[in-house]
Amino acid sequence: MEMYIKFANDNLWAELWPELSLGLGAMIVLGINLFSNSSNAQRNAGNFAVLFQFLLLLIHLFDYLLIRHTFDRESFSGMLQHGIHQDIMRSFFLFSSLLVSLLGQGFLVSRQLRIGEFHHLVMVATAGLMVLCQSQNFLVFFVALETVALCFYPLVAYHKDSAKSLEAGIKYLIFGALSSALLLLGIVLLYGVGANPAAWGATLPSVGSSDSFSFNNLYHLLAQNPDHLLLRSGVVLIISGIAFKIGAAPFQIWVPDVYHGAPMPVTAFLAVSSKAAGFFVLLTLVNGPFAGMSDFLLPLFGFVATFTIFFGNLAACSQRNLKRMLGLSGVAHAGYLMVAVMASMILPGSSDRAVWILFFYLFTYLLASFAVFGVMGMAKVSDDAAHEFSDYENLAKKKPWAGFTLVVGIGSLAGIPPLAGFIGKLLLFSVAFETKLYFSLVAMVIGVVISIYYYFGWIREICFQPRPVFEDDEPRHDPWAGREGFALLKAVMLSLVFASIFLGLWQGPLGDAF
Amino acid sequence: MLTVTPHHFLILSFILVGIGFFGLLIRRNVLLMLMSLELMLNGINVALLTFSRVGNNLDGGIFVFFIMTVAAAEVAVGLALLVALYKKRRSVLSDDMALLKN
Numbered sequence: 001m002e003m004y005i006k007f008a009n010d011n012l013w014a015e016l017w018p019e020l021s022l023g024l025g026a027m028i029v030l031g032i033n034l035f036s037n038s039s040n041a042q043r044n045a046g047n048f049a050v051l052f053q054f055l056l057l058l059i060h061l062f063d064y065l066l067i068r069h070t071f072d073r074e075s076f077s078g079m080l081q082h083g084i085h086q087d088i089m090r091s092f093f094l095f096s097s098l099l100v101s102l103l104g105q106g107f108l109v110s111r112q113l114r115i116g117e118f119h120h121l122v123m124v125a126t127a128g129l130m131v132l133c134q135s136q137n138f139l140v141f142f143v144a145l146e147t148v149a150l151c152f153y154p155l156v157a158y159h160k161d162s163a164k165s166l167e168a169g170i171k172y173l174i175f176g177a178l179s180s181a182l183l184l185l186g187i188v189l190l191y192g193v194g195a196n197p198a199a200w201g202a203t204l205p206s207v208g209s210s211d212s213f214s215f216n217n218l219y220h221l222l223a224q225n226p227d228h229l230l231l232r233s234g235v236v237l238i239i240s241g242i243a244f245k246i247g248a249a250p251f252q253i254w255v256p257d258v259y260h261g262a263p264m265p266v267t268a269f270l271a272v273s274s275k276a277a278g279f280f281v282l283l284t285l286v287n288g289p290f291a292g293m294s295d296f297l298l299p300l301f302g303f304v305a306t307f308t309i310f311f312g313n314l315a316a317c318s319q320r321n322l323k324r325m326l327g328l329s330g331v332a333h334a335g336y337l338m339v340a341v342m343a344s345m346i347l348p349g350s351s352d353r354a355v356w357i358l359f360f361y362l363f364t365y366l367l368a369s370f371a372v373f374g375v376m377g378m379a380k381v382s383d384d385a386a387h388e389f390s391d392y393e394n395l396a397k398k399k400p401w402a403g404f405t406l407v408v409g410i411g412s413l414a415g416i417p418p419l420a421g422f423i424g425k426l427l428l429f430s431v432a433f434e435t436k437l438y439f440s441l442v443a444m445v446i447g448v449v450i451s452i453y454y455y456f457g458w459i460r461e462i463c464f465q466p467r468p469v470f471e472d473d474e475p476r477h478d479p480w481a482g483r484e485g486f487a488l489l490k491a492v493m494l495s496l497v498f499a500s501i502f503l504g505l506w507q508g509p510l511g512d513a514f
Numbered sequence: 001m002l003t004v005t006p007h008h009f010l011i012l013s014f015i016l017v018g019i020g021f022f023g024l025l026i027r028r029n030v031l032l033m034l035m036s037l038e039l040m041l042n043g044i045n046v047a048l049l050t051f052s053r054v055g056n057n058l059d060g061g062i063f064v065f066f067i068m069t070v071a072a073a074e075v076a077v078g079l080a081l082l083v084a085l086y087k088k089r090r091s092v093l094s095d096d097m098a099l100l101k102n
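Residue numbers (this note's numbering), protein chains in the order written: chain A, 1 to 514; chain B, 1 to 102.
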C-alpha cells in the first residue's frame, strides 16, 4: 500500500489533464470519422474537434487563472515541471490549435479532403507540444519532440492530390529527421559525459543524482565544466537541432519550400505553434541546463540572430509567391526572438523581463499570423500553393472586411504604431538596449526597415490597383468572386484583428510585467 | 596486446554517423537518403550504448529503444509519402522534386 501511495504521489497524472483530454478527444474524432461514411457525417468529426478544443481552452484558462496559478510543481519524479510559464504556453498552443482546426475545417470542406484525420493529427501534435514545453528531462523531451514532428510530416503533405504538398512533406521529413538526429547526437554526448565524468576528463559535480538525462543534473555538470570539448559539442548540436525547428539561419533552408507547399492551415500551424515551442524550449535550456555556458553561447547566438534577421528580410524582398515571402519573414521574426533569448540569458533568473516580452511577442505574432493566413485560406485560387501578389489586387474594394483584416494583420507583422506588433517590437528593442546588445539592436532596426518594403508592397496591392487593365486583356480568374461561406470564420478573423488593435493601444495588467 | 576499448566503439559510431550525414548530402535518390538517416540514428545508438556501458548507467540502454521506435516511425511516414509522390511523378530522385521554387 505504501508503495502505491508513493507511486501516486510521484506520478501526478492529474497535472497532465489537458494533454490527456486532447489525446482522448483525438481518439473520439478518429472514431467518429471511422464510423461515418457520408461526407456530411465526416464534417461532424471536425465540428466536434473545434467545439472540444474550444471547451478545453475555456476550462484550462479557468483552471489556471482561478485555481492554481500560484505555485510551481513537479510530477513524474521531476521529469515534468508545471508552472506559470508552462501554463501560458499550454493556453497558447490550445488557442492556436483551435484556430488551426477552424481554418482547417473550411479548407478541407472546400477542397473535399478527408476531415477527421486532419483534426486528429492537429490535436495529437498540440498535446506533444504541451508536453515538450513542460519536460525537464531529455528522454521526455525527445519523445515529445518526435511526437510533434511525426504529426507534422503527414500534415504538411495532407493535400495528397497536389504534388507540391507531397514534395514539401518529403523535404520537411528529410530536414526534420536530420535535425532530430543532430539533436540526438548532442543529447547522447551530454549523457555520456554525465554518466561517467571521470572517464572523459570532466570533474564530477558534487550535487545531483545519477540521472544524467535530467536538466537539473546537466546544469551542475555544465556549470562545472564549461570548457569541456564533448560537452560543448553536445550543446552546440542540441542548439542547432532546435535552430532547425525555429528556422534560424544557417538552418533555415527548408522554410520557404515547406511553407510554400503545405496546405494553408498547416502553414499557419507551423509558423505559430512549432516556432513558439522551439523558442520556449530554447529559453528553458539556456536559462536552465546551459546557463553555465552562457559566455560561450552568447556570441554564437548573436551571430545566428544577426545572420537570421538579414537573411530572412533580404530573401523575402525578392519573393513573388506570398507563402514563401511569409515563410522568410517568419525567419526574420525568429531572428528578432533570438535577441529576446539572448537578453534573457544576460538578465538573471528564469522569469525575467525578456521572457515576458517573448511571450507577448509570440502572442501578437499568433494574432497577426492567423488573421493573415485565415484570409489567404479563403481565396479561391486554383492551386493552394500559388498565391501571387496580383491575386490580392484591389481586395479592399472587392471585399472590404477581408482587405481590412489583411492590412491590419500585415501591419502588425511589420510593426506599425497603433498595432500590437509595434508594442512587441518596441519592448524587444528596449530590452536589447537594457542588456547592452547594441549590435543586435542595430541589426533589428535595419531588419525592420527592410521588412517594411515587402510588407507594404503587399498592402499596396490590396488597397490599390497598381497594374493598368486594357480592353483586350485576357479576363483573369478573380479568386475573390462568388459568395464566401463560413460566417463564423469571418467573425473569428475580425475578432483577432480587433484584439491586435486593442493590445496595441492598451496592454493592461500585462504592462506591469514589462 | 590489442584490446577493444570504448574509444573504438565511439570512433565506429562517429564513422557511422559521418557516413549517414554525407550520404544524406550527396545521394540523389530519396530512398537512399532515408537509409542514410537510419544509418545516422544507428550510429548514435552505438555511441549511446558505449556511454551507457562506460558509465554503468542503464538509462542509455533504455533510450536506445525509444530511438529505434522513432526511427521506424519516421521511415514508415517517409516511405508512405514517397510512394504517394511516386504515383504522381514516377520518380524518387530529389533532382525531380523542383516544383517548389520562386
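Hint data in this document are derived by calculation from the structure and do not stem from the laboratory.
Fair warning: this is a prediction, and the values are worked out from it, not measured in the lab.
Quick reminder that beta carbons are idealized off the backbone N, C-alpha and C, glycines included.
A couple of the hints might just be wrong.
To give an idea of the interface, some chain B residues facing chain A are shown, with a C-beta separation under 10 Å as derived from the structure [to be verified]: (1) M33; (2) A47; (3) E74.
Below, a list of computed lysine-lysine pairs in the BS3-like style, where the Cα atoms sit at most 27 Å apart [stated by the list, open to error]: (4) A:K398 <-> A:K380; (5) A:K436 <-> B:K101; (6) A:K164 <-> A:K397; (7) A:K397 <-> B:K88; (8) A:K380 <-> A:K160; (9) B:K88 <-> A:K380; (10) B:K87 <-> A:K160; (11) A:K380 <-> A:K399; (12) A:K164 <-> B:K88; (13) A:K160 <-> B:K88; (14) A:K160 <-> B:K101; (15) A:K164 <-> B:K101; (16) A:K490 <-> A:K397; (17) B:K87 <-> B:K101; (18) B:K101 <-> B:K88.
These are the hints, each one checked on the structure:
At about 6 Å, the closest approach between the beta carbon of M33 (chain B) and any beta carbon in chain A falls short of 10 Å, and the interface hint on this residue holds. Interface hint at A47 (chain B): satisfied, since its Cβ lies 5 Å from the closest Cβ of chain A, which is below the 10 Å cut-off. Given hint, E74 (chain B) at the interface with chain A, holds; its Cβ is 5 Å from that chain's nearest Cβ, closer than 10 Å. Restraint check for K398 (chain A) and K380 (chain A): the C-alpha separation of about 14 Å stays at or below 27 Å, so the hint holds.
Annotation: proposed proximity of K436 (chain A) to K101 (chain B) is violated, straight-line Cα distance about 40 Å (limit 27 Å). Between the alpha carbons of K164 (chain A) and K397 (chain A) the distance comes to roughly 32 Å, so the proposed pair goes past 27 Å and is violated. Distance check on the hinted pair: K397 (chain A) and K88 (chain B) sit about 40 Å apart at the alpha-carbon level, beyond 27 Å; violated. For the proposed pair K380 (chain A) and K160 (chain A), the alpha carbon gap of about 18 Å is at most 27 Å, so the pair holds.
Annotation: proposed proximity of K88 (chain B) to K380 (chain A) holds, straight-line Cα distance about 24 Å (limit 27 Å). For a cut-off of 27 Å, the pair hint linking K87 (chain B) to K160 (chain A) stands: about 11 Å separates their Cα positions. A C-alpha spacing of about 13 Å is found between K380 (chain A) and K399 (chain A), which places the hinted pair at or below 27 Å, so the restraint holds. Straight-line distance between C-alpha atoms of K164 (chain A) and K88 (chain B) comes to about 10 Å, which keeps the hinted pair within the 27 Å bound.
This hinted pair checks out: K160 (chain A) and K88 (chain B) have alpha carbons roughly 10 Å apart, not beyond 27 Å. At roughly 19 Å between alpha-carbon atoms, K160 (chain A) and K101 (chain B) fall within 27 Å of each other, so this suggested pair holds. Simply put, K164 (chain A) and K101 (chain B) have alpha-carbon atoms about 10 Å apart, close enough for the 27 Å limit, and the pair holds. Of the supplied pair hints, the one linking K490 (chain A) and K397 (chain A) holds, its CA atoms being roughly 17 Å apart against a limit of 27 Å.
Pair hint K87 (chain B) plus K101 (chain B) holds up; C-alpha atoms about 22 Å apart against a cutoff of 27 Å. For the given pair, K101 (chain B) sits about 19 Å from K88 (chain B) by alpha-carbon distance, which is consistent with the 27 Å threshold.
Violation of the numbered hints given earlier is confined to hints 5, 6, 7; the remaining hints are satisfied by the structure.
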